[in-house]
Amino acid sequence: MAAGVGRRRVVSLLPYVVRTLRKESPNHANRMLPSLRYSETGFTINGVKYEGSLLIVENKVMSWAPKRFSEINAESLSIFKVLRPVPEILVLGCGRHIDFVNEELRQFLRSIGIKLEAIDSRNAASTYNILNEEGRMVAAALLPYGVSS
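Note that this note's numbering has the sequence shown beginning at 4, numbered continuously upward.
Hints are supplied without guarantee of correctness; some may be wrong.
What the hints assert, rightly or not - Straight-line distance between alpha carbons at most 30 Å, and here's what the computed DSSO-like set of lysine-lysine pairs gives:
id, residue 1, residue 2
1, Lys-84, Lys-118
2, Lys-84, Lys-63
3, Lys-52, Lys-63
4, Lys-118, Lys-70
5, Lys-52, Lys-84
6, Lys-52, Lys-118
7, Lys-70, Lys-52
8, Lys-118, Lys-63
9, Lys-84, Lys-70
Unchecked claim - Here are the computed distance ranges between Cβ atoms for each label pair:
id, residue 1, residue 2, range
10, Ile-122, Ile-82, 33 to 41 Å
11, Val-104, Glu-43, 21 to 29 Å
12, Asn-105, Gly-50, 29 to 37 Å
It should be emphasised that the hints constitute simulated quantities derived from the structure, not laboratory data.
Quick reminder that beta carbons are idealized off the backbone N, C-alpha and C, glycines included.
Please build the complete structure, drawing on both the sequences and the hints.
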């Protein structure tokens, strides 16, 4: 009977232990970017405006070379070949419209263990914010919303 009481106590403490570990974990959402917002020509993060395409990796914001969807390829995402740990998911903001992601790019991302979510940039910003708030290992490659194929 005492063992049963001990187990219940341990089980009841699990949520507290998990919360504590998450707070101390260097990969947890404590370092997350609080807010990513889109515009026709760029993005705003924490009140700072960025013009053009962005790549967000490990909550670091970088300018990203592609200006149109047709310029997105494995080379434009080659940072993921050397990045460790590899993000669980890449949110690809395609601009105003969702476009077909070619098989070569899909295969490249699969080969390094990254799932792809290709959506319009407005929804990409929201999806990134949600996944980031959940503490997920997420990266974003974003074309401005005003870009069309």
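Please verify whether Lys-52 and Lys-118 have alpha carbons no more than 30 Å apart.
Holds: Lys-52 and Lys-118 sit about 28 Å apart, inside 30 Å.
Pair hint Lys-84 and Lys-70, alpha-carbon separation not exceeding 30 Å:
holds (22 Å)
With the threshold set at 30 Å, check whether the alpha-carbon distance from Lys-70 to Lys-52 stays at or below it.
The hint holds at about 17 Å.
Beta-carbon spacing of Val-104 to Glu-43 - inside the hinted bounds 21 to 29 Å or not
With a Cβ separation near 23 Å, Val-104 and Glu-43 satisfy 21 to 29 Å, so the hint holds.
Restraint status (C-alpha distance of Lys-84 to Lys-63 at most 30 Å):
With Cα atoms ~17 Å apart, Lys-84 and Lys-63 stay inside 30 Å; holds.
Pairwise hint evaluation, Lys-84 against Lys-52, where the allowed Cα distance is 30 Å at most
Cα-Cα ~28 Å, so holds.
Range hint 29 to 37 Å (beta carbons of Asn-105 and Gly-50) holds or violated
Check passed, 36 Å falls within 29 to 37 Å.
Lys-118 and Lys-63: Cα distance at most 30 Å?
holds (19 Å)
Has the given pair, Lys-52 with Lys-63, been kept, meaning a C-alpha gap of at most 30 Å?
Distance ~15 Å between Lys-52 and Lys-63 Cα, so the pair holds.
Pair hint Lys-84 and Lys-118, alpha-carbon separation not exceeding 30 Å
holds (14 Å)
Would you say the C-beta atoms of Ile-122 and Ile-82 sit inside 33 to 41 Å of each other?
violated (21 Å)
What's the verdict on Lys-118 and Lys-70, does the C-alpha distance respect the 30 Å limit or exceed it?
holds (23 Å)
In terms of the numbered hints stated before, the structure departs from hint 10 and from no other.
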